[in-house]
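Okay, here's what each chain looks like letter by letter:
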Amino acid sequence: MIDWTMWVEWIVKGFVLCLILLAGFAYLTLYERRALARIQVRVGPNRAGPQGLLQPIADAVKLIFKEELTPGKVYRIVFFLAPILTVVPSLVIAAVIPLGTSFNLFGREITLYVADINVSVLYLMSIASIAVYGIVLAGWSSNNKYAMLGGIRSSAQMISYELALGLSFATAIILGDSMNLTDIVNAQDTMWFVVIQPVGALIFWIATLAEVNRAPFDMPEAEQELTAGYHAEYSGMKFALFFMAEYQKMIVICMILATLFFGGYLGPGVDKYPLLGPVYLFAKVIVLLFGMIWVRATWPRIRYDRLMSFGWKILLPLSLAVAFITATGILLADMLNNQLYIWGIPALSIISLFIAIAFIYRDLRRKSHGRV
Amino acid sequence: MSSDLIVFLVLSLVAIATALGMLFSQNAVYSALFLVLNFVTVAIFYLLLGAPFIAMAQITVYAGAIMVLFLFVIMLLGAESLAPTNSLPWQKPMAILLSVILGVEAVYLLLNRAGSNLAVAAPDASLNSMDSLREMAMSLFNNFLLPFEVTSILLLVAMMGAIVLTRQEKEAK
Chain A
1 MIDWTMWVEW IVKGFVLCLI LLAGFAYLTL YERRALARIQ VRVGPNRAGP QGLLQPIADA
61 VKLIFKEELT PGKVYRIVFF LAPILTVVPS LVIAAVIPLG TSFNLFGREI TLYVADINVS
121 VLYLMSIASI AVYGIVLAGW SSNNKYAMLG GIRSSAQMIS YELALGLSFA TAIILGDSMN
181 LTDIVNAQDT MWFVVIQPVG ALIFWIATLA EVNRAPFDMP EAEQELTAGY HAEYSGMKFA
241 LFFMAEYQKM IVICMILATL FFGGYLGPGV DKYPLLGPVY LFAKVIVLLF GMIWVRATWP
301 RIRYDRLMSF GWKILLPLSL AVAFITATGI LLADMLNNQL YIWGIPALSI ISLFIAIAFI
361 YRDLRRKSHG RV
Chain B
1 MSSDLIVFLV LSLVAIATAL GMLFSQNAVY SALFLVLNFV TVAIFYLLLG APFIAMAQIT
61 VYAGAIMVLF LFVIMLLGAE SLAPTNSLPW QKPMAILLSV ILGVEAVYLL LNRAGSNLAV
121 AAPDASLNSM DSLREMAMSL FNNFLLPFEV TSILLLVAMM GAIVLTRQEK EAK
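One line per chain: the protein sequences are A and B, in this order. When you line the first sequence up against the working numbering, it's residues 1 to 372, in that order. When you line the second sequence up against the working numbering, it's residues 1 to 173, in that order.
Keep in mind that a hint or two might mislead.
[Said to hold, decoys possible] Listed next, the stretches of chain A that the computed footprint assigns to chain B, with coverage defined by at least 3 CB atoms under 8 Å from CB atoms of chain B: (1) 42 to 52; (2) 114 to 125; (3) 129 to 138.
[Claimed, not checked] Cβ-Cβ distance ranges computed for the label pairs, FRET-style: (4) B:Ser25 to A:Lys73: 16 to 26 Å; (5) A:Lys73 to B:Ile153: 42 to 52 Å; (6) B:Ala137 to A:Val61: 44 to 54 Å.
Since the hints were made in silico from the structure, they are not lab data. All residues carry an ideal CB built from backbone N, CA and C; glycine is no exception.
Turn these sequences into a full structure, and let the hints steer you where they fit.
If you want it as structure tokens, here you go:
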């Protein structure tokens, strides 16, 4: 029987994790707006508080007091459920991500993760695959053709890019020889996996951009074509929930990317001072998030048919090749007992990346996608 | 042990309720959503039995991928609220007859074998670890390699079939 202190620890840790993600969401919006403004030679929001630090709070107050409209002909139950179904996966998915090892508090060893399950990578995949429901149902229940198109686009997009995502998960599983995220992080003690498998990390990053509907893959909410896509009929706090889910997903996938390929909470001195672990992870997440914002600031939105072609004809074959190369390299190194074979993995992966880029130029050019 | 039993009973109720909801809801989208809930409860049953891999695979494959495709097709066709047409009049009595036969058989077997020791042995607790995953993969790719490959070829053929069908439609335009 589990004693009650264990329950208290779980509840407190879950609560703290949710709070971290909520605060992260609030300040990520500010971070994004300020960074975008800098890239576009503007100033950005800097009026509320020093350097605009109180801007998220002002936004939250505004959204809470906004009038909430429920259009007359929506499918009411699903319309109310959809924002919840979008937010909950983006919170619970963070439960298995290790933020650090463990530390002592009041003579009690406290581990820096909510749940340490042995199939945590699969857990991530299953929650990611469930996350699509909120968006699809929001689009359908709004009873609005633009929202519906947004929902359908997003479901097609998420199913398509889930394959490449799963295969890049597989490369990290093969390299770490485990499905447990803590084991995968510990396996990167000597070298980050991004050094061995840079292409796998790149595929993961692109596929997750598509999974969370971020630019340049934000087709489900393309303003010019669909007004606001799946959340066109939502206002007030319900809209805020969609907004929140998107930014929390960004944070969480950067945490996963850092954990799988960038050494997670590892860093100099983390063995001695375990509380440094979350700090390192946090720093890596901020750098990765900047990459996402940078992409949004500099890349135009990709056209929908090209998005599908890119996902199925370029990204899926490339990720298959990368998974195959990784497995072969590990197997050769094990069988012939020669660690040099490991270095065949990045070499061959980068060659296949260049082949993929050549195919992008050949197949995704404007000419081959002209009107029929 | 009793807490497991309570969870099992509650989950069984949820599973039965969602299955009934799936059958009886008028709207196809609601049916699909009930089915998703049903798959998730089944996944939690697997967790109760100490099989986390199967549970996660159940959610990823069935609740995640397949049901999203179902929803996608339902929405794309706009078939969510079709009027109930009785195009197959023999279907209803046939279905009732078959389900009655199935129910009688199940009850007969239950009563017949109730005395004998038919209960499935509970899974070993040690299986609930990374090693079980390794063992599963080993047996899948050593002992059952041929069925596995045949299944993948079957899926490939189905995929190619879908591609060929849509191709033809395009050329006919």
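Status of the hints after comparison with the structure:
| no. | hint | verdict |
| --- | --- | --- |
| 1 | 42 to 52 | violated (count 0) |
| 2 | 114 to 125 | holds (count 6) |
| 3 | 129 to 138 | holds (count 6) |
| 4 | B:Ser25 to A:Lys73: 16 to 26 Å | 19 Å, holds |
| 5 | A:Lys73 to B:Ile153: 42 to 52 Å | 47 Å, holds |
| 6 | B:Ala137 to A:Val61: 44 to 54 Å | 53 Å, holds |
Violated hints amount to a single one, hint 1; each of the other numbered hints is respected by the structure.
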